[in-house]
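Colleague: So the sequences go chain by chain: A and B.
FYI, the numbering for the first sequence is 1 to 372, going by my numbering.
FYI, the numbering for the second sequence is 1001 to 1482, going by my numbering.
If a hint is listed, it holds; no wrong ones were tucked in.
Dumping the calculated BS3-like pairs for lysine-lysine here, alpha-carbon to alpha-carbon at most 25 Å: (1) K1167/B to K1226/B; (2) K188/A to K256/A; (3) K1473/B to K131/A; (4) K131/A to K1412/B; (5) K1473/B to K1069/B; (6) K1167/B to K1333/B; (7) K1226/B to K1333/B; (8) K1167/B to K1252/B; (9) K359/A to K37/A; (10) K1473/B to K359/A; (11) K131/A to K37/A; (12) K1226/B to K188/A.
Simulated from the structure, these hints should not be mistaken for lab results.
Single-letter residue listing:
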Amino acid sequence: MMVTSESELAEAIAGAKGPLQVVGGGTRLPVSGDMLKVGISGVRLYEPGALTLVVAAGTPLAEVEGLLAAEGQRLAFEPMDFRPVMGSEGEPTIGGVVAANVSGPRRVQNGACRDFLLGVRFVDGHGRIIKSGGRVMKNVTGYDLVKLMAGSWGTLGVLSEVSLKVLPAAEAVATVIVHGLDDVTAVKALSRALGSAYDVSGAAHVGQGAEARTLVRVEGFADSVTYRAGRLRELLGGFGEISVEDDAARNAALWKRIRDVEDFAGREGDVWRVSLKPSDGPVAAAALRAAFGAEVIHDWGGGLVWALVPEGADLRAAMGDLAGHARIIRASADTVARLGRFHPRPAPVAALEAGLKEKFDPRGILNPGLMG
Amino acid sequence: MQMPTPDQTILSRKDHIVRRLRTVLPDDAVIDAPEETRAYECDALSAYRCPPLAVVLPASTEEVAAALKICHDEGVPVVPRGSGTSLAGGALPTEDSIILGVARLNRVLETDYDNRFIRVQTGLTNLSVTGAVEDEGFFYAPDPSSQLACAIAGNIAMNSGGAHCLKYGVTTNNLMGVKMVLMDGSIIDLGGPYADMAGLDLLGLICGSEGQLGVVTEATLRILHKPEGARPVMMGFDSNEEAGACVADIIKAGILPVAIEFMDRPVIRATENFVGAGYPDVEALLIVEVEGSEAEIASQLARIIEIGQCHNPVEIRESGGAEESARIWAGRKAAFGAMGQINDYMCLDGTIPVSQLPFVLRRIGELSGQYGLGVGNVFHAGDGNMHPLILYDANKPGDLEKAESMGADILKLCVEVGGCLTGEHGVGVEKRELMDAQYNADDLDAQMAVKDVFDPAWLLNPAKVFPLAATAKRRARPLAAE
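Using the sequences plus the hints, can you model the full thing?
Modeller: Structure (structure tokens):
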């Protein structure tokens, strides 16, 4: 079933007889239940001078990005496109991005999707239309259900409208590239860059051995980018051979490759995403290589590890007791059922989550079991 | 402003409750003598006062847990308190409540520059967090104007902002993890020195929940390297419209200043009399600050000045160095004090879409005329967070009520134009009864359902945030078992 207005969405949920699988563009893993496709689309308000965009949840991401680009602005959290790595089709929607709190390389500078979410409208499991937050940048009026809804994967309610803070697009970009570092040294270099005054907007490490590349991105006005790239080049000089990429198109391709995990697209095996303390990134990578011969990509200065492992491998067991969390991005239904897509939470936290689910969706019909 | 009638049963059982608290806390950590509890009768919203039943000052997470467990078992409401700097009455007690102060939880637990975080106990003041890392060139970004005194616990409870949040965000954008104690005494950890949460964003949910969901005892905070430098430009305009349009044009040009501050004529005049910062006598004054290297600052300021010049400025003054920067900021930093010299004032905190600035300022001027009360505006223009200061005379009967009524009208106006009641101070008791203006019954019910999960008996800071009538049933509880 596809709904095209908020009231239709409310009716559909209120009248649902069983589990609903909530879908935006349908670019990620399916769950069971009747499909409920959110086709509510359209821009409600866009004020470039106030950095504010209000848009219906089913609006295609590409449409949102096109609209912003025409005004020299963008979604600062750089949402990834799941289609390459998932091998899926469909058109990603802004609601899907928010529901999964999808954030790309620029998270190290500006924060996650949830940090740019100013307000939401959604329909909860009772079929009630609820609003939280609004369209202004500072708002502490009541509880922040906005954050709760971001990354709740449609399990507490189905988004109908989102308000976002947008930012100016950069006039120029440059990436300082250090060649041939091992993981541990690479993350040290990334930490040095991220701990500097030079406002780094991307910090990743790909490849191994002589092919390894440690990438540090800066963006902004052209003179400022030139200056900061120069300072970073000096700062990281002791780590290894350095080059600077300042071509806009090549930078776009380079960071899209990191953002969308293109290196794992079309490859056999399961894809996992691990969030941990940046300096633990190399520790996790070493453990995963030893256990499974895993292939690894480091983003977020080491704090995000993408891993390609053999089908069915239990990545969490191999990581030991490192603080953080690991989520399955792509695996068979059996593996998901056996290991759980989301990292298990300690009992008292799981109890709070279950309590919220019970309040917002007492019939348990919205994406049941997805986050459990 | 109403508070619930105190529970007589609790009042009559005070000695028993205090005795039990002393079994788990050191003697000097339980305060029940009336002359001593009076120090906790109010926060910075000092128009409202009420001494609590008792005060507990635990020095560890375990002591917090033990104290909360007893209050939970005894059915006693608990009001958590950071440094008591809330402008919304967030730490205002009731006669039948225990104040739980976190002042003794004041240690830095871990600093990690490679991973760019600091872990602290939450009684630590905001400024001392920066103090703990500034030797290494780092700082903690949220900077509420009470940062010398306010505690991290209160910052988290109210999701505090500050002057620089246009670039760096507010508390919730800089909070990575917490250790917190629920009302039943259980201790949980949410988040940590890594990105995002494993499941639902409970961290985002508890930040700004005004001490109603739990007591946060430890926090993992993101720290950043300081910029190489910062410098402001001051621009005076003869109309609010021009100043508002200038702000929008700066933002549209792709410049992201760290701060855009706005002052109107009453505030400019008051600060000139107070500190003599040398501001021009204009309708609207902007202070725009940018950061970076010397060359980056110069180039950004040049762009901003070019934009300012398209809006018929009366005066533009670019700071050439530290001394001039301090002078430009002197008036803004003294604004609240300067207004306080003139009269008592009530400080509002509504936020509006920046595009509505001229209209809202005009309406506030009209309301000022209608009520016969002066008002000055000083606020963070980049993010639309207004701080109208309504002048009144606390010694004149009826004046406070008149100011409150005018304040309510202004806040409703903020909501009508697409904004909200409070941008950084919180709802507390002050704006509790106005929540209906922004949210309907379903919206509020969804929020209250969250409290039902974290604190089913509604014992934590219960008479705050939501309209009293809306929470009456939830707050009603069976008499505590003897």
